Each structure stands twice: as structure tokens, then as C-alpha cells.
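Novice: Full structure from sequences and hints, please.
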Amino acid sequence: MTMRISRRQAIVAGSASLAMPAVARAQSASIKLGLIHPVTGPLAFSGSQCRLGGQMAIADVNGGGGIKAMGGAKIEALLGDAQLKPELAASLVDQFAEAGAAGFTGCFSSSLGLAATQAAAKYNLPFSIDSGVADSLTARGLANTFRLFPPATECVDGAVLELDGVNKAAGSPVKSAILVHENSEFGTNTATALKEKLPGIGIKVLDVMPHATPTRDFSNIVLRIKEQKPDLVIISNYINEYVLLIRTLVQQRVPLVAMFSVLGGGFSLKFAKEQPEIAENVMDFNHWYNPRKPESLAFRKRVEDAGNTFSWEVLFGYYAVRLLTDTFEKAGTADKAKVLPALAASTYFPDMLPYAPTKFVNGQNQGAHASGLQIQKGEIRVIWPEQFADAKPVFHQPKL
Amino acid sequence: MPSADIIAAALLNGLLTGGVYALVALGLTLIYGVLHIVNFAHGSLLMLAMFGAWLLVDRVGLDPYAALPVMTAIAFLAGWALYAGVIGRISGGDDRRILLATLGVAVVLDNLALVIFTGDSRTIDTPYAFAVVEAGPLLISVPKLISFVVALALAAAMWAFMTRTDLGRAIRAVAREPDGARLVGISPKRIFALSYGIGIGCLGAAACLLLPTFYVSPQVGNVFVLIAFTIVVLGGMGSFPGAVAGGLIIGVTESLGGLFLGESLGPIGIPLIFIAVLLLRPSGLFRTAR
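Protein chains in written order, with the working numbering: chain A, -5 to 394; chain B, 54 to 343.
Think of the hints as simulated: they come from the structure by calculation, not from any bench.
This structure is a prediction, so every number in the text was calculated from the model and none was measured.
A virtual CB, placed ideally from N, CA and C, is assigned to each residue, including glycine.
Please note that a few of the clues may not be correct.
[Stated by the list, open to error] Some, not all, of what chain A presents toward chain B, calculated at C-beta under 8 Å:
(1) P36
(2) M203
(3) V237
[As the list claims (entries may be wrong)] Just the calculated beta-carbon pair ranges, DEER-fashion:
(4) V168(B) x R286(A): 35 to 45 Å
(5) G66(A) x A119(B): 52 to 62 Å
(6) G138(B) x K79(A): 53 to 63 Å
(7) V168(B) x T182(A): 30 to 40 Å
(8) G114(B) x E373(A): 19 to 29 Å
(9) T179(B) x K162(A): 33 to 43 Å
(10) D88(A) x K242(B): 33 to 43 Å
(11) V168(B) x G65(A): 35 to 45 Å
(12) A137(A) x L130(B): 52 to 62 Å
(13) H89(B) x T147(A): 47 to 57 Å
(14) P190(B) x T182(A): 31 to 41 Å
[Claimed, not checked] The following residues of chain A were derived to be distant from chain B, with all beta-carbon distances above 12 Å:
(15) G41
(16) E70
(17) K79
(18) Y117
(19) D129
(20) H205
(21) L238
(22) P285
(23) L291
(24) F293
(25) K371
(26) E380
(27) A383
(28) K386
Specialist: Dropping the structure here:
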């Protein structure tokens, strides 16, 4: 059985949940999970998408009879809005731990995740990261923190491998690139790693251009790109700046072989549909579902039929919760002393994602991989790796 | 060192962007000039106006420039009603209460937008979105050029309205001496609501001019509001010519700063100019021109 939840309902439910006295919640025999995301502020869209996925997972588990090994115990969501404030994310962990949370998921942003996982470590409560790619999230030796999804290093390595393959298959038209990135941890780390690795595949990095979030105008950056005549522009930034930058590149008629992004925040179905002319053939290395699995398409339809936009964050929010509930089921308890070793040994497989078998090492799933994607005819297609691809790459920039 | 062509393009782009900044700041400076309060709801109302413009384009099918008079009128009425029905009533004539009322309105509007529109960003696609005018090596964006011309024309019309019409003189009278204005039969309450409406009407126009080149989301007001506050202080709080000159100066500073210092360090030019003006001419560049 599945339930339909719109993002609007999710936000309203979140407000109501926070407003409800902790005492009222504590009377329930259910298992409480803290879902901590930025649902207001600059990352509100992505945070709300993660929350939506988490709530869909809870609805599925409860609709399927709850945690059967625990007598059908239901999952109850404690919803928290961390805005874009790490200290608030940590404070929400404290509040929810006091309210009896058995575990947490969150927080979309790495900076929020770093604070929240550390706060949860004080209580030794399990934290299942639903997005946030910073390697440090699982590299600090916190025994309570688990990430089913790939870290930044894995995404950059995969992107370089894909770019090399696609470029060589097209006769190596790309020999130079300029990197444009947002200037916080995510964009800076990605650009630094790319700058180091691209010369290894025969691509010279002509320039690296950081920018703030928000940036109102990309004319200067684009003028400087145009002057240096790169074959490729590689972008790592968030949703609004991503679209503004690509619009300006097209408007200023910068002659590129291709536009490529690594974890491009604005690379989405919405971008493909709202800006079809400029989105066509833009390539990204990012999270996506396995298009060869019918379940993936059914999940996407379920999200869209409920009036929501589908994005990978919904899937990640969903599986982050399912990892915890699967562990409760297998451990037969929500007791953290038993759940944490069970998580470390978990082989729970997110079957809609293009992953290798699950194996956690220091909290990081070694089987997690992102995919090479391209917008083709208003749809996001997987073009790399071959085993999950549903389209062939087209290696040239859209012309207007 | 960037080439001369790039510097010229950056200069031009800064001026074009500055025109729209000026229009956003114009409403803010009018509200300050008359009501003597900083309108904390300005960014939220710009956001709401942009969503209004987006609805007119996306749902009604209007061109954003054809939507401009409609959205300006809607924004004027909404601003007038907001002041007459909410802010004015809450304030009871106390400036501090008006300040808090605008802050409260901002919080309510931001969260209302989040519930109604979700946190998602939206853009529009127009046939002329990528049109350019070629001026030698420079490619000038047509939507930005239109925005610049319309913004300056609206600023000039506002200035003419304030200096050449009886209503404009009444607004200026209330701004300078409310008690004296009352003695000659002008109702400051009505003028306050009218001025607030005109200030928000400017945001309606700015929203339609921004939409072809920018995105709209519940957070978009924050992207412009700090710039608008800076422009108002730079130009002189309450000064129309100051808002226009300040907008252009900030636009050019931002553009050249980004070009020479990079987009991360570039924005430092704006606070530097701001601090210099506060030190050397604390009342702003055009304080006496009100």
C-alpha cells in the first residue's frame, strides 16, 4: 500500500509536528525517526524533496504493517527544519533525541549534515545520510553515521572516467576546460579535485572561476570564458546559478564543444522542461535512478501523480529511511546498541539505484555510484555507464 | 588584465543591471522618504510581485512586458491595501511599530509563498530571451536593454509625478511636515497608504522587467533587497535622483569588481563604496535633492 503526500502537506505536517508538545508524542509506542532538512531558506526545494521521500518511505513501511519483527511497530516522523544553519541542525538532533528518536535522516547539505551527525554521535544514535556528498561526513570515524549514497570523491572520479570515455569515443574534441564552481565546500572541493585529475585524461584546465551563492549575474564570468576559448565548461553549483550561468553562456554565444557539470544543482527535469532549447544535450554527472528497472519509473510516476516534481533527492530521502527501517526489522529492535552493529553489517540494496552490492566501510557504502546523464529531447537520460544507460551520448552544445 | 572589449562589456552590463536595481530601490526610498521607516517587507513584496508576474506569464499567457502595467496596478493596489488594512492599523502612528509590522508582514509572506509555491525556483522562456544587439564585439542582451530603458523611463515619470503634480506635492509636503500638511487639508494617513502603494507598484514593474532574465523563488527577494538598501543609503535616503544614480553606481561597481577581483571577492567593491560614502558624505550623495 502506498500513500500520496504532496510537498505542501509535508511542510504543513512539519510545522504541526514541531508545534506539538513533546509529551504528546512520547505517549505513542511507535518508533520515532528524526527527519532533519532545510525546508525554508535557499535550499528549501531540495530539502523538501528529501523530506517528501522520507515521508513516502514511512508511509510505505507503516502501510505494509510496520516493523513486523517488533510486533508491527509503526514509524513516526519527527520533522525538523534546519534552514541553512548547522547550529539549528544540531539543536534539532538534541530536541528529537530528548523526544525519544531512535535514529535520524538528513540533511541534504553537507554543512548541516556535519553538525547533525556529530550531535547524534553524542547520543550514539544512528544517522542515515540522505544526501550531502562531503567525504568528511563519513571520514571522521563517527560510529553512528552511515551513507548509502556516493561521496564527492567517488562522484569526481566517476565524472572524469565518463568524460574521458565520451570524449575519446567522439574523437577527443575536448582538449581544454574552464571550471566554474560555487565557492563553498561542495563546489570548491569538486573543482579542486577536477583540476588535479583532468590533465590526466588530456584536458588542460585553463581557468577556475569561483562564484558566490547567490550570484545575480554571470556576464563577467562568461566574458572571461569567451576570451579564453575553452572547449568545455564544467559547472559545480546550486540550482539557480546553474540555470543563470547556462543561459548567459548561450546568450553570449560562447562556442563550446559541450557543457558538462558535476553534481549540477540545476540539472533537473524542470530545467529540461522550462528551458528546452538551452537544456538540450547538457551533460551532468549526478545521482539518478536505474532506468532499466520498471520500479524506478513506477516510483517517479507515483511522485508526479501526487502533484510533485521528481528529483533524485526524493529517492535518496526514501532510501535513507528504508535503510534504517530495514535494519530495525533485521535487528528486531530499535535499540541503538544493536542497531549500530546491524547497520555496519547491512547489505540493504536500494534496488532502484544503479549501484553495486552494498557494503559499508567506516559508514560509507562502497557500492554507491553516480551516473553520467544528459538531457535529450526534454528528458534526463543515463548515458554512462553502459550497463545502466538508456541512451547514447551526444557530444555537442545546443545551438540557437 | 582583461581586454578593452571585455571591460567595455562589463561596464555596459553593470549599467544595464543598475537600472533595474534603481527601480527596486526607488520604491524603498519613496517609502522611507514619506513614512520615515525602513520597509523590511520590501524583499518579500518583490518576491510576491515576481510570482504575480510569473502567474500572468505562465498561466494567463501574457508577455512579461505586456504584463507590466497590469502587475504595476495590482502591486499598487496590494501595497495600498496592505498599508491601509494592516501596517497602518497595527502601527497606530508609532514608527517603531511600523517597522515591526513590516518585519512581521515579511515573515508571513515568505512562509505563505513557501506553502503556496513550494521552495522551487521557476523561470520563463520567451522568444526574445536570448536575443542580442551586436555593437561591435559586444553582445547586448535585448531583455536587459529593455529593462534598463523602461526602468529609467519609470524613474523619470515618478520624478515628474512628484515634482509636477498636486498629488506629488502633497506627498512631498507630508514627507517634510505632516502636521503642516494636515493644516492645509492633506490627510497624512491617506498619503502614507498612497506612498506605500506607489512604492510597491514600483516593485510590480521591476518584477516584470526582471522575469525574462532571472528566476523566481520564495527566496528571490533576499537577492535584491540588500542591494536596494545599499543604494538607498548611498544615494541619500528619500532621494529619487539618488536612487537612480546609486543603482547605476552599484551596478557598475558590482560588474567591474567581479571582472577584476573575481566573483567571490568582487562584491567587496559595494561595501567599500558604501563605507566611503558613510565616512565622507554620511547623508548620501543626493540627500539635499529630495
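Novice: Which hints from the list above does the structure break, by number from lowest to highest?
Specialist: The structure breaks hints 6, 10, 15, 20 and 21; every other hint is satisfied.
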